[in-house]
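Those sequence lines, one after another, are chains E and U.
Every number in the numbering used here is 8 more than the matching position in the first sequence, counting from 1.
Every number in the numbering used here is 9 more than the matching position in the second sequence, counting from 1.
Worth double-checking, as some hints may not be accurate.
Below are the SDA-like pairs computed for lysine to any residue, each with C-alpha atoms no more than 25 Å apart in a straight line [as the list claims (entries may be wrong)]:
(1) K61(E) with R206(E)
(2) K107(E) with D47(U)
(3) K107(E) with G31(U)
(4) K107(E) with A53(U)
(5) K107(E) with Q84(E)
(6) K107(E) with A30(U)
(7) K107(E) with A79(U)
(8) K107(E) with Q83(U)
(9) K107(E) with P135(U)
(10) K107(E) with P72(U)
(11) K107(E) with P51(U)
(12) K107(E) with G75(U)
(13) K107(E) with E101(U)
(14) K107(E) with A55(U)
(15) K255(E) with R206(E)
(16) K107(E) with D76(U)
(17) K250(E) with V155(U)
(18) K107(E) with G77(U)
(19) K255(E) with Q130(U)
(20) K107(E) with Q130(U)
(21) K107(E) with A78(U)
(22) K107(E) with Q136(U)
(23) K107(E) with T138(U)
(24) K107(E) with N49(U)
(25) K107(E) with S139(U)
(26) K107(E) with D56(U)
(27) K255(E) with Q50(U)
(28) K107(E) with T29(U)
(29) K107(E) with L157(U)
(30) K250(E) with Q50(U)
(31) K107(E) with P45(U)
(32) K250(E) with H22(U)
(33) K107(E) with P52(U)
(34) K107(E) with Q97(U)
(35) K107(E) with A127(U)
(36) K107(E) with V155(U)
(37) K61(E) with G103(E)
(38) K107(E) with I74(U)
It is worth saying that the hints were derived from the structure and are not from the lab.
No experiment lies behind these values; they were computed from the predicted model shown.
Chain by chain, the residues run as shown.
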Amino acid sequence: MAGVSSGKVVIFGAGGPVGAATMTALKDHYTLRCTDATALDRIVSEERRQSAKAPLPELLEAPHERTVVDVTDYDQVREACDGMDGAINLTVLRGELDKAFAVNTVGAYNVAKAAADAGVRRLIHTGPFHARMAHHADHWQDHQVPDDVPLHPGDDLYALSKYLGGQITRVFAEASDLDVLTYLFCGFRPGEVQPAERGRGAGPFTVSWEDSGRSFLYGLRAGDMPQPYEVFFIAADTPDRKYPVDKARRLLGWEAEDTFEELFRHPGH
Amino acid sequence: MGAMLCRRLATRHEVIPIGTAGKSDHELGSSGAYRPTDLNQPPAAADGIRGADIIVHAQPHDPAIGDGAAGEAQLLERISRGTYVLAQAAVEAGIGRLILISQISLFDTVSVDFVVTADWQPRPAPQATSLAPYMAELVCREIARVGLIEAVALRMGELDEVGGTSADDAVAAVEEALAADPASGGYLWSQRHVVSGGYGAPGRD
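Chain U with its partners taken away, still in its complex shape (with noise of 0.2 Å):
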């Protein structure tokens, strides 16, 4: 998701990707030189907004994950730390927006009878990778609560799978998020769906 969204944001805005490591593998397009950044660290952290105006926060919607216990707690504190650090760094910054790409199977546990908005109590499931997310959804609320920073949540599903998020939807809806008014509806933290098929879809509320 993270190389997608470089690839094709990179065609109409300055782009800088940065990730934990040590050099992408992916296919950044036209993006700027890739920083590798431990998230965990605030200096790393600072270094890698660097010259940014707006962070696209993409790692907590397809972390890597770890073999065993020791994977788990590996995830949940690089998510749940680094996000909170990658926050902190940009209000240092003086950056005034975080774009979150969450997971929409933070309610795959609501049965698929009900109209889910993304106004619902996310469902997490008591497993690493599936609170993962929610952390840092958690972490980007919190300190958007007190005024620090505007965040918004985009939860997607898998890239361009039946049933998840097509890289057009993705691109749009962060477009969008890019555009959108500081605080336009009145809270400095807000949630949306991007959901292309499958029992979420249409699109987003």
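Only chain E is shown next, with the shape it has when bound in the complex (with noise of 0.2 Å):
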């Protein structure tokens, strides 16, 4: 199935930074529902922020919308479908037993569901690559882990949570005719690096908020996929060479801007 060039794109968790940095570069490119479990005014009229540098999101100006949507009722998400060419995933809830598993699992059922059913033509769906997970069954002693390794999230309820919406996701995607890529993300901060950065090295798993933005607009322009549901890596291709960042330039043709080079020679070279 080809990818979504034009047309109407719901997303879900649109109030977080990755939901801003995901509008502003979606916003002339398609008609967007922008929805979240808490309105996108009083995200931002109260400044919610998720870190100092975080971004908030625009209050984009009709055509686009702006509306509330429970991830975890499936009716309001079905309706927030209707219509929709694409649509994207952005739930998440990390820490609270009450809620984690009704956002982060049932939540991406709902969606998953509902995007088959509405006949959306592509759905991209979002969880954590844990690089380090303090346990003998993570990835963190290895190098060159590829996008498709396994996750393997251990007892901590956000990653695991996260990971069965995964599976599910996943079994949508196989077994109907929905369109699926999952990103994978770790570590977010601004592209622009400050003088007194330089040198101080970065996590290797990270993306600036610009660049996870720009990145589900490769995603949906993108081709057919070799299978139903594909995984990539959201990052920045770092010299550490932990995780190359290679199925997303082949199959996305994305690739980040913000490379942080600074932030890993020793200043002044």
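With the hints as a guide, bring both chains together as one complex.
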């Protein structure tokens, strides 16, 4: 199934920083239905930033839409998918048992089911790649770890509940006509490197907020995928060679513009 | 399945039956007192398994589902979160082994031409009832993988139905899992098929 080069796209979890960056990257190319469990107006008016330098969402005017959608409620999700060509699921709840499985696992089920039912042509699901889980089954000691490496979430609530959501989404992709890309993220930071940061390094799986948003434009537009469910690392290609970000370059044509090279070189070189 | 296992295992073991219902509607034989337990809540799960040495988690085999989309959501959350909370409570309590009763129907979509073994990747359908036991397996597998508990999934068919799993075979498989040497195969996670008839037979692998 070909990609989505124009039309309507619904974003679930648009109120977070990746949602904000995604809206900025997509707003001139698609008509967006931006949804979040909290009204975007409230997120902006109360300046609910995830961290000090994380972006806030723009309050886009018509023809774009913004609405409140709770992904744990299938009927709301199904209605939000109506008439959409593409869907992006950025929802996440990290540390609360009472909501983690509801949002990360059941929410993924609701989004995949609704997208398949509504005839959405491409769904981009998202989740974490925990580079360092502090157990013996993670991939922290490895290098050249590929995008398709099986995740080992251990007993971490956030990692495990999102992992289940990813597996549910895979099942929908393999059993229906739903075309799914799953983006894995780890660390985020602003694209601009401050002089005082030079030479200080960065996590081995980091992407700028700006590049994270742009990756969705490439993902929506990309042509047919080899498999109905494809997983991509979304990170800058850092010189430590732990995570080669090769698949996104090959299949989506995306690579990070912010490479943070100054962070990995001695200041003055 | 859970009630049958309670009745039969209680003839040789001290069995503590727990479940989400306020009271059990099933005959539990010589099992101990039934403990109504909300597995979604860590304190309740800890209370429910108090005194146990091994856990047999049969709920994912035949969980009840409510109506409509809300019923699907409740089922998925109850099984995924409930299994997570149960396994965490077991780890906290120092319980070394969890026996999960899963569903052989995870392979219903595979052509009957194939000789399916327990090492194959499950192929659940994109429906909550099919995904729920798979979620339970994944939760147990990932927690076992990092060394916190030993877990085995026994994938069974419908109890005493044609193509399903007989009560005798189900009990024998659980007894075997109860008595097995911990991690005798070198892993803390394993899965077995326990089917008495139909294309999945004979028995186990």
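| said: With the threshold set at 25 Å, check whether the alpha-carbon distance from K107(E) to T138(U) stays at or below it. | reply: Status holds; Cα separation ~21 Å.
| said: Between the alpha carbons of K107(E) and T29(U), is the straight-line distance 25 Å or under? | reply: 20 Å, holds
| Given hint Q136(U) paired with K107(E) - CA-CA distance at most 25 Å | 21 Å, holds
| said: Just to be careful, I want the Cα atoms of K107(E) and Q83(U) compared with a cutoff of 25 Å; is the pair within it? | reply: 12 Å, holds
| message | Hinted pair, alpha-carbon criterion (25 Å max): K107(E), L157(U). Please report holds or violated. | response | 24 Å, holds
| task | For the pair we were handed, K107(E) and A53(U), check the Cα-Cα distance against 25 Å. | result | The hint holds at about 18 Å.
| request: Starting from K107(E), check that the Cα of A30(U) is at most 25 Å away, please. | output: 22 Å, holds
| said: Please verify whether K250(E) and V155(U) have alpha carbons no more than 25 Å apart. | reply: 22 Å, holds
| Under the criterion that the straight-line Cα-Cα distance not exceed 25 Å, is the pair K250(E), Q50(U) satisfied? | At roughly 39 Å apart (the allowed maximum being 25 Å), Q50(U) and K250(E) break the hint.
| query | Holds or violated: K107(E) with P52(U), Cα cutoff 25 Å? | reply | Measuring from Cα to Cα gives roughly 17 Å; hence the hint holds.
| query | Is K107(E) close enough to G75(U), meaning Cα to Cα at most 25 Å? | reply | At roughly 20 Å apart (the allowed maximum being 25 Å), G75(U) and K107(E) satisfy the hint.
| Does the structure keep K61(E) and R206(E) at a Cα separation of 25 Å or less? | 18 Å, holds
Of the numbered hints given earlier, the model fails hints 15, 20, 27, 30, 32, 35; all others are met.
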